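Whenever a hint applies, use it, and build me the whole structure from the sequences.
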Amino acid sequence: MRKSSRFSNRIIYTSESRIRHPLQLFQEMGRDLLASRQLAWRLLMRDIRAQYRQSMFGVLWAFLPPIITAMGLLVAKNAGAVNIGNTDIPYPAYVMFSMALWQTFVESLSGPIAAVNAAKPMLAKINFPREAIILAKVGEVFFNFGIKLILILGLFIWFQIPVTWSVFLAPVALIHLVILGTSIGLLLAPIGALYGDVAKAIPLIVSPWLLLTPVIYPVPKEGLFATIVNLNPVTPLLVTTRDLATQGLVSDPIGFWVVSATACGLLVIAWILYRLAIPFIVERMSA
Amino acid sequence: MTLLKSHQDTFEQPQDDEVILSVKNVSKRFCRDLKKSLFYGIQDIAGEVLGLSKSSDVLRKSEFWALKDVSLELRRGEALGLVGANGAGKTTLLRIISGLIKPDAGTVEVKGRVAPLIALGAGFNPVLTGRENVYVNMSILGLSNEEIDECFDQVVEFAEIGEAIDAPVQSYSSGMAARLGFACAIHTEPDILLIDEVLAVGDAKFRSKCTRKLSELRRQGTAFIFVSHNSMAIMAVATSAVYLRRGKLLLSGNTETIISKYEEDLFLDGVEVAQGAMYLKEKTADQSSGIDITSLALKDAQGKILDFLTSGEPASFCAELKVHRYIEDVSLRIEVREVGGENDTVLFLSGLMDDRVFNAHPGKCEIVIDMQYVGFKPGIYTANINVRQGKHFIFDTIESYRFVVKGDASMSKCKFYQPRTWHFNYCS
Chain A
37 MRKSSRFSNR IIYTSESRIR HPLQLFQEMG RDLLASRQLA WRLLMRDIRA
87 QYRQSMFGVL WAFLPPIITA MGLLVAKNAG AVNIGNTDIP YPAYVMFSMA
137 LWQTFVESLS GPIAAVNAAK PMLAKINFPR EAIILAKVGE VFFNFGIKLI
187 LILGLFIWFQ IPVTWSVFLA PVALIHLVIL GTSIGLLLAP IGALYGDVAK
237 AIPLIVSPWL LLTPVIYPVP KEGLFATIVN LNPVTPLLVT TRDLATQGLV
287 SDPIGFWVVS ATACGLLVIA WILYRLAIPF IVERMSA
Chain B
529 MTLLKSHQDT FEQPQDDEVI LSVKNVSKRF CRDLKKSLFY GIQDIAGEVL
579 GLSKSSDVLR KSEFWALKDV SLELRRGEAL GLVGANGAGK TTLLRIISGL
629 IKPDAGTVEV KGRVAPLIAL GAGFNPVLTG RENVYVNMSI LGLSNEEIDE
679 CFDQVVEFAE IGEAIDAPVQ SYSSGMAARL GFACAIHTEP DILLIDEVLA
729 VGDAKFRSKC TRKLSELRRQ GTAFIFVSHN SMAIMAVATS AVYLRRGKLL
779 LSGNTETIIS KYEEDLFLDG VEVAQGAMYL KEKTADQSSG IDITSLALKD
829 AQGKILDFLT SGEPASFCAE LKVHRYIEDV SLRIEVREVG GENDTVLFLS
879 GLMDDRVFNA HPGKCEIVID MQYVGFKPGI YTANINVRQG KHFIFDTIES
929 YRFVVKGDAS MSKCKFYQPR TWHFNYCS
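Chains A and B supply the protein sequences, listed in that same order.
Residue numbering for the first sequence follows the numbering used here, beginning at 37 and increasing consecutively.
Residue numbering for the second sequence follows the numbering used here, beginning at 529 and increasing consecutively.
There may be inaccurate statements among the hints.
In silico BS3-like pairs for lysine-lysine, Cα to Cα no more than 30 Å straight-line [what the hints assert, rightly or not]:
hint: 1; chain 1: A; residue 1: K156; chain 2: B; residue 2: K582
hint: 2; chain 1: A; residue 1: K236; chain 2: B; residue 2: K563
hint: 3; chain 1: B; residue 1: K827; chain 2: B; residue 2: K733
hint: 4; chain 1: A; residue 1: K156; chain 2: B; residue 2: K563
hint: 5; chain 1: B; residue 1: K789; chain 2: B; residue 2: K776
hint: 6; chain 1: B; residue 1: K905; chain 2: B; residue 2: K733
hint: 7; chain 1: B; residue 1: K827; chain 2: B; residue 2: K892
hint: 8; chain 1: B; residue 1: K737; chain 2: B; residue 2: K943
hint: 9; chain 1: A; residue 1: K156; chain 2: B; residue 2: K564
hint: 10; chain 1: A; residue 1: K156; chain 2: B; residue 2: K776
hint: 11; chain 1: B; residue 1: K919; chain 2: B; residue 2: K892
hint: 12; chain 1: B; residue 1: K582; chain 2: B; residue 2: K552
hint: 13; chain 1: A; residue 1: K156; chain 2: B; residue 2: K596
hint: 14; chain 1: A; residue 1: K156; chain 2: B; residue 2: K589
hint: 15; chain 1: B; residue 1: K564; chain 2: B; residue 2: K552
hint: 16; chain 1: B; residue 1: K564; chain 2: A; residue 2: K236
hint: 17; chain 1: B; residue 1: K934; chain 2: B; residue 2: K832
hint: 18; chain 1: B; residue 1: K639; chain 2: A; residue 2: K156
hint: 19; chain 1: B; residue 1: K776; chain 2: B; residue 2: K892
hint: 20; chain 1: B; residue 1: K776; chain 2: B; residue 2: K941
hint: 21; chain 1: A; residue 1: K156; chain 2: B; residue 2: K552
hint: 22; chain 1: B; residue 1: K811; chain 2: B; residue 2: K919
hint: 23; chain 1: B; residue 1: K737; chain 2: B; residue 2: K941
hint: 24; chain 1: B; residue 1: K563; chain 2: B; residue 2: K582
hint: 25; chain 1: B; residue 1: K552; chain 2: B; residue 2: K596
hint: 26; chain 1: B; residue 1: K564; chain 2: B; residue 2: K589
hint: 27; chain 1: B; residue 1: K589; chain 2: B; residue 2: K563
hint: 28; chain 1: B; residue 1: K919; chain 2: B; residue 2: K827
hint: 29; chain 1: B; residue 1: K789; chain 2: B; residue 2: K941
Hints are computed from structural coordinates only; laboratory data are not their basis.
All figures in this text were calculated on a predicted structure; none of them were measured in a lab.
Printed below as a string of structure tokens:
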């Protein structure tokens, strides 16, 4: 006997722009987001398993980059080759923690484009909730951070860095950081799916951006450079996460809330754009 | 020999006449130039975001209509065959119906869940095992975890890949991967199933299993839209058909009529068929080998030249010859093949084998083969005709004389015409 009658769902496809019916659009978006939970989980499991099944060293690859970068910088700093000020917590811990946060941001930035490109065969042939692939990528970003967290915990214990209760608020700030990255990535995803330039441009933009964020150096206090660094939207989010995890005192709460609110707003806009753009991408890309 | 179950099932009419799919005046443009296409994509996205209305009757540069003004309706339990040459717009129509792309004009109204069988094994990751991939694939096709758990065993059993289910998919042969994909897709129990040329996977046993399962789904009320180039498959399953040509819907209705029109167009397009008689240039005495074929014609019972033959009707084949000297033991040989068929010889007639050899005097003469009934089924044929002496010496050959045979609906399922009379007797 036929299961629950699905004949009651009526869907109409027209050539009209869907933004003319905003209420309906939001309803559909909410419905698809809920419907994509299980699928996003499956895709996440699939990607993580496939990645590690093919690898001999597995999770080690998540640890190595921050350790190697930090060691390189430590050597350079001690030799006087780079002029970095003093940080609140021991430099190796500072650098590795900050790098982990920065890499999480970069992964969430490049995530949506990578997700759309990887899912092209599926997107072109099956109508599944499109949010699922983005959610799966975000899940992967948090999973990768989770692995780095082990390294960070190890560092904190090794250098005997004191933590206060505010460390439990640090994940909140981290989530905002990921939201910023994802919203920018999602904004770029439709164009990135059509033109390969976007995927090539991202590394070009990310490298100098790293240098404008207080990752390998402490937050500058004065001068033109300090102004630029403070205008960088990633700065308050990254610094707040770090602060909450170490000192307990947030150094720039206003900046944090402004950027967070902007990021959340940007995410909603990017989501709407993504949703509206997907059928056109599917049409133009090779199946 | 195994007797396969007949594909022709007797179906009860669908329970209610509810229209579950309605396509109205749908049009779609595509662009041939890649760079322009990508740019138009950006343009379209901008138009959508800004809420602009489309000027949908205009073709931008390098664009063409992939679909123009296509309308159709589908009711519960119906199976619609979609036929057309490659590039006619069938897959585009299916993609619009499943909501993958937006139409440039017109509307599509769908009631219920649509499962497109446009590609099998979507979402398969080659490193994971078949078992894990079944979960991924069915999840993408829209089933919840509980629903997948329920039918998982059935899917694995249907796919018939044995122990390989626990091996990574990258070790599968393409047939195995396709079977697994098909097994997943067919168990999603959708309300409307769109099948795009995927019925050719697997060996004959698997194919007949798929057809049986599809029939079962139809009985349960699933409606189908079916794209296939295999006319036999469509005729066996479809309740009605639609013929698309270069984006336009030419015909819709009875499956047999549409399939024959499709096949006619497929082979006739751009191909010259000998209309009526074929006249050949006369050769001079030194060019000739002794006998030349000067004309070939098909005539009816009254001697009038025909443009085409009709199955079941009397006809005669006439070959006019010019003979240059006295020759004995002259016979005609005809070998007929079907155009677009498997290139097997359909008919082989030889005057020598029928004991009909002639002695020819110089001058013009003709050899006529009278056929009481044309036994060919409707189609397009090509004949190789030669005139010879004895078994081996060939005077002249016509490599290809094409002719068309037409017939009515009673011939649509026949491979040849069977002359017959019917009788009704009482048995006492």
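Cross-check of the supplied hints:
| no. | hint | in the structure |
| --- | --- | --- |
| 1 | K156/A <-> K582/B | holds, 26 Å |
| 2 | K236/A <-> K563/B | holds, 18 Å |
| 3 | K827/B <-> K733/B | violated, 46 Å |
| 4 | K156/A <-> K563/B | holds, 19 Å |
| 5 | K789/B <-> K776/B | holds, 15 Å |
| 6 | K905/B <-> K733/B | holds, 29 Å |
| 7 | K827/B <-> K892/B | holds, 19 Å |
| 8 | K737/B <-> K943/B | holds, 26 Å |
| 9 | K156/A <-> K564/B | holds, 20 Å |
| 10 | K156/A <-> K776/B | holds, 29 Å |
| 11 | K919/B <-> K892/B | holds, 23 Å |
| 12 | K582/B <-> K552/B | holds, 17 Å |
| 13 | K156/A <-> K596/B | holds, 27 Å |
| 14 | K156/A <-> K589/B | holds, 27 Å |
| 15 | K564/B <-> K552/B | holds, 29 Å |
| 16 | K564/B <-> K236/A | holds, 21 Å |
| 17 | K934/B <-> K832/B | holds, 17 Å |
| 18 | K639/B <-> K156/A | holds, 27 Å |
| 19 | K776/B <-> K892/B | violated, 51 Å |
| 20 | K776/B <-> K941/B | holds, 27 Å |
| 21 | K156/A <-> K552/B | holds, 29 Å |
| 22 | K811/B <-> K919/B | holds, 24 Å |
| 23 | K737/B <-> K941/B | holds, 23 Å |
| 24 | K563/B <-> K582/B | holds, 21 Å |
| 25 | K552/B <-> K596/B | holds, 11 Å |
| 26 | K564/B <-> K589/B | holds, 8 Å |
| 27 | K589/B <-> K563/B | holds, 12 Å |
| 28 | K919/B <-> K827/B | holds, 28 Å |
| 29 | K789/B <-> K941/B | holds, 14 Å |
The structure fails to meet hints 3 and 19 from the earlier list, while all remaining hints are met.
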